[in-house]
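J.: For reference, the chains in residue letters:
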Amino acid sequence: MKRILTALVSAWCVCAFADADADLRAAHARERAGQKTEAAAGYAGVYANDKLPKHQRLAALCGLLRTDDARRASLGRDALKSSDAEWSGTAAQAIALLPAPALDAVRATWLKELPGDAQVKLVTALAHVKSPAAKGYIQEILKKTAFPAVRLAALEGLGRTGGADDAKRLVIWMHSEDPEVAAAARRGLILLTDARANRVLADELKNYGKDPAFLAKLLDVLTVRNPLGLGGAIAPFLAHADAGVRVQAYKALALQGMAPEMPAVLAAAGKATDKKERKEARRAVARIARRMGGVQFKARRIGNCRTEACGVADFNNDGKLDVIAGPYLYLAPDFKARKVREVKSDVKEDGKGYAHDFMNLPLDVNADGKLDVVSGNWFSKETWWIENLLPTDAIWTQHLIEQTGNIETGILVDIDGDGKATDFLPDTQITCLYQLGKGGPAPFTRDSVSNDRCDMGRGCGDVNGDGRNDVLTPVAWYEHLADGGWKKHPLNIGFQGGKLGHASNLIVFDVNKDGLADIIVSSAHKYGIFWWEQLKERDAAGEIQFRKHVIDDTWTQAHYLGWGDIDNDGVPEIVTGKRFMAHNGGDPDEYGPLGIYYYDFTPGPNPVFKKYVISYDSDISVGLNVECVDLDGDGDLDLVTTGKYGGPVILENKLK
Amino acid sequence: MYIKREISRRGFLFQGALAAGALATRRTWAQAATPPSRTITMAIIGAGGRGRQMLPVFLNQPGVRFIAACDVVRARREWAKQQIDAFNGKADCAVYDDYRELLARKDLDALYIATGDRWHARLAIAAMRAGKDVYCEKPISLSIAEGEAVMRASELYQRVYQGGVQRRNVGNFKTAMKLAQSGRLGRVHTVHAGMAGMGRSAVNHYLPEQPLPPRADLFWDMWVGPAPMRAYNSDYVMKSAWHAEYDFHGDLSEWGSHTIDLCQLALGRELTAPTKYEPIGPEEVRAYYPDGVKMVLRRKFRDTCGIRLEGDEGWVETDDSGSVYVSDPLLLEGHTIAHEDWCRPVAHPAEFIACIRSRLQASAPADSLHMTHVACHAASVAYHLNRAMDFDLKSCAFPGHADATKLLVRSDRAPWKLEG
Chain A
0 MKRILTALVS AWCVCAFADA DADLRAAHAR ERAGQKTEAA AGYAGVYAND KLPKHQRLAA
60 LCGLLRTDDA RRASLGRDAL KSSDAEWSGT AAQAIALLPA PALDAVRATW LKELPGDAQV
120 KLVTALAHVK SPAAKGYIQE ILKKTAFPAV RLAALEGLGR TGGADDAKRL VIWMHSEDPE
180 VAAAARRGLI LLTDARANRV LADELKNYGK DPAFLAKLLD VLTVRNPLGL GGAIAPFLAH
240 ADAGVRVQAY KALALQGMAP EMPAVLAAAG KATDKKERKE ARRAVARIAR RMGGVQFKAR
300 RIGNCRTEAC GVADFNNDGK LDVIAGPYLY LAPDFKARKV REVKSDVKED GKGYAHDFMN
360 LPLDVNADGK LDVVSGNWFS KETWWIENLL PTDAIWTQHL IEQTGNIETG ILVDIDGDGK
420 ATDFLPDTQI TCLYQLGKGG PAPFTRDSVS NDRCDMGRGC GDVNGDGRND VLTPVAWYEH
480 LADGGWKKHP LNIGFQGGKL GHASNLIVFD VNKDGLADII VSSAHKYGIF WWEQLKERDA
540 AGEIQFRKHV IDDTWTQAHY LGWGDIDNDG VPEIVTGKRF MAHNGGDPDE YGPLGIYYYD
600 FTPGPNPVFK KYVISYDSDI SVGLNVECVD LDGDGDLDLV TTGKYGGPVI LENKLK
Chain B
0 MYIKREISRR GFLFQGALAA GALATRRTWA QAATPPSRTI TMAIIGAGGR GRQMLPVFLN
60 QPGVRFIAAC DVVRARREWA KQQIDAFNGK ADCAVYDDYR ELLARKDLDA LYIATGDRWH
120 ARLAIAAMRA GKDVYCEKPI SLSIAEGEAV MRASELYQRV YQGGVQRRNV GNFKTAMKLA
180 QSGRLGRVHT VHAGMAGMGR SAVNHYLPEQ PLPPRADLFW DMWVGPAPMR AYNSDYVMKS
240 AWHAEYDFHG DLSEWGSHTI DLCQLALGRE LTAPTKYEPI GPEEVRAYYP DGVKMVLRRK
300 FRDTCGIRLE GDEGWVETDD SGSVYVSDPL LLEGHTIAHE DWCRPVAHPA EFIACIRSRL
360 QASAPADSLH MTHVACHAAS VAYHLNRAMD FDLKSCAFPG HADATKLLVR SDRAPWKLEG
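Residue numbers (numbering that gives the first Met the number 0), protein chains in the order written: chain A, 0 to 655; chain B, 0 to 419.
Extracted from the complex, chain A is given alone in its bound form (with noise of 0.2 Å):
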């Protein structure tokens, strides 16, 4: 009896609920062709037999909040009310789904008669929808509710839902003084998808200046929503009297930043002190750089000795060139260093005190097949040729050619026109050349271009394109004439404030493209990169004239020019570093972080030069030269230094 009982309780059910569904989709088929009166009346008889199985009477609850104007107001918030959580959570789900008009007339009671955990249900189905009306809900929660959780839940949401004319309400509360409201709203902030909020978010950035702890939080969520193409909003921040905030600004700059910021954020690196504050100054002057889209290097220390000199040369004749600094011998490609002479040296930890090494010319000067080194220095005032006793063991021989004076460094030359650069030019008080192999007892014959006293820097190249190379000084050239005498003309630039100075190693090439030469030159030890370019007229005296343009004057110490076509593209660039502690600390910004960078340009009228950063802050630099050449054979031109901090240094080009 029992069983028959169940039975037929079954199959009641079983019919109750097919009538039910039936009910259910008649409803539903007169909702969609617009009958709501009709539909709600059919769903409510189904919402109202509590005998259905829930699934079915929630069906007809959602259809009536969507159909029943009338009850809308009161099922809603019975429904958002029950402790039933599917009960509630199917509701706030079909509430948010409801069009504007639905819910724009239930908004103003449901503030009112909901307490607050049913609000958070809500409002978290509102942002799960992104509709206009969910938005509006959530906007006007945001500004009604009393219940905390709820303005959590809000700010959010207006977050998932809102557009770019909510980022600046959420930056107002971000400002609360109740840590999770600020955090909620920050939370939003990160969430809004419309990419003109970090528009209006650059812009807010303006009005926090004086609060720079909120300042800091402002540049963390745009570093957070990282735009990318806001970098020149951010960038003025770096100048910013707080260091929270300029460290901020490192970090955003560090993935948004572009070419067009490099200069700011160099310009704040190099007064950057706090540890931390050099550490994020250093990684958004990388990632720049790398975005910057510039020739990429790879370092390498293949030593760890403080001299400020190099040379890169081929010394065991095996077709690998090889690298000769200070004492030692670097033998490719393993590079290990074996130690070839001794060299004087009082340099310390801190980069100040000095090697005896100021010079490392390859030249084979006795003629044997192998190439010796030419060198000197300032303190020993002597010039030397030390020569090649490979394959042996043995310490190199020492030569003596001249007690030439303090030498600060050198350069080979081709002085002949042979096409051969085997002549060299000493950066000593007087002008002097050494010619090799001319005849006589010494290997070198000295030619004495003039005994006047001036600055340091020299260079070799053909000033009036007579087809023959001059020599030049920082205050005049030498004009080379054809019965191989020399002609003194002074080197009119008009500079301003005074001369140049001591003067880095002057390089002749037309840089604009007109037919004359111009000159590449920097102050070794204080501000500014130029040119110096040649004008047609003469001046009253027929002197060639110079007027003077400014590469860079941002950094100091760029004591070597390199010359070299980095990035292949058939002009040279000019490649240059701050020298490490040149004067022990009394030069400008000697202390100041040491970098590595290259001058791109293509010569022409008005020709700009490219600035790119190789490398900056990481403990190496050029010293006393750098040598541009092909060191792995890969076609493209690598980079060698050293320096006081501990070298010598590979920088591979990573172009090929």
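Treat the hints with care, as some may be off.
[Claimed, not checked] Within a straight-line C-alpha distance of at most 20 Å, the following computed PhoX-like cross-link-like pairs (lysine-lysine) qualify: (1) B:Lys238 - A:Lys50; (2) A:Lys547 - A:Lys610; (3) A:Lys653 - A:Lys297; (4) B:Lys177 - A:Lys129; (5) A:Lys525 - A:Lys610; (6) A:Lys369 - A:Lys338; (7) A:Lys610 - A:Lys297; (8) B:Lys105 - A:Lys53; (9) A:Lys250 - A:Lys275.
[As the list claims (entries may be wrong)] A short, non-exhaustive set of chain A residues, derived as facing chain B with CB atoms under 10 Å: (10) Phe16; (11) Asp20; (12) Leu23; (13) Ala26; (14) Ala28; (15) Glu30; (16) Leu57; (17) Cys61; (18) Gly62; (19) Glu85; (20) Ser87; (21) Thr123; (22) Pro226; (23) Arg289.
No lab work stands behind these hints, which were simulated from the structure alone. Quick reminder that beta carbons are idealized off the backbone N, C-alpha and C, glycines included.
Use these hints to put chain B onto chain A, whose structure you have.
T.: Below, chain B alone, put in the same frame as chain A:
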């Protein structure tokens, strides 16, 4: 057109965090608002190739317990039972060959549907009618009528429906879509969607008849379902030969349900579809939106399920290899691509389970997927006819091409009629 709604799909996973984060500080309300972690009971319908891949994923979802397996092939439902029993440590998993008996169970909360394409829509509707939440594999429909019926049932029954377009929740695809949506590519003017064997199921191939296995081993009539009845051959069932049969398969919807879906999502156009379809040879169909934005359906990509999104200021391309290719590395600057297995994804099912608890809509509900499938079906017809045609979204027909419109209608064989 059906009800137009804009629904946020963004990071449903945040939703859980939202609920937890917003409520964690107000315990009294949290207890009432967040449902306790009651066990969710599930069953699998269709334990063939795909079902076997995904069953372990669902089994391993925390708070989920499988109580039944349903398949018209006995060997398959018994295999599934074996897996489930081993996992549960108890031999109490029920087996069914008739889904109607399964759906009558009051103790069943949710279903994972992994049958052949022809059954997806009807099973999903029946399940929702019975009050169950549904994770249904793609494609969600074999015809436009089916898709509309699923949407109607979705709206009426208010159950959680998660379409099996798991790539919406896979890291590299999310990255590509995000790039397009962020504006960093400029105005996105062309999207490319990778297709599997185009034309593979353009016609029916009718394999030779084989003796029908006993009813207990295979319920052939139900297996065929709403498709036209045909002679049995075991390859249809056991070797997935149904993929090459027009009656059982949607052709371009094979990957289109994923790739066209991702492209439309990237464009913010998941609630619409292209209105012009132009076949270009055997390996390409070009589709156009009214404003000229172009969608290219093509075979050739580096890997499976490729998509490519092209804008005025850049492009992004990705596929199942997980790699993201960009016109400029800057586009990915500062961006971490989360990695997820597209084949056995966890995020998409996990989201489904979370939605069962919260009752909030999942990230791939029926109405979000329907129009993508309309595009798949329309493109398939244009491709099969090798004819360029306009398509009207309101009437879901090809104006001036009655024969093509007719091809959009699919078999609805009794007793497996679509009532929806």
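J.: Of the numbered hints stated previously, which ones are contradicted by the structure, given in increasing order?
T.: 1
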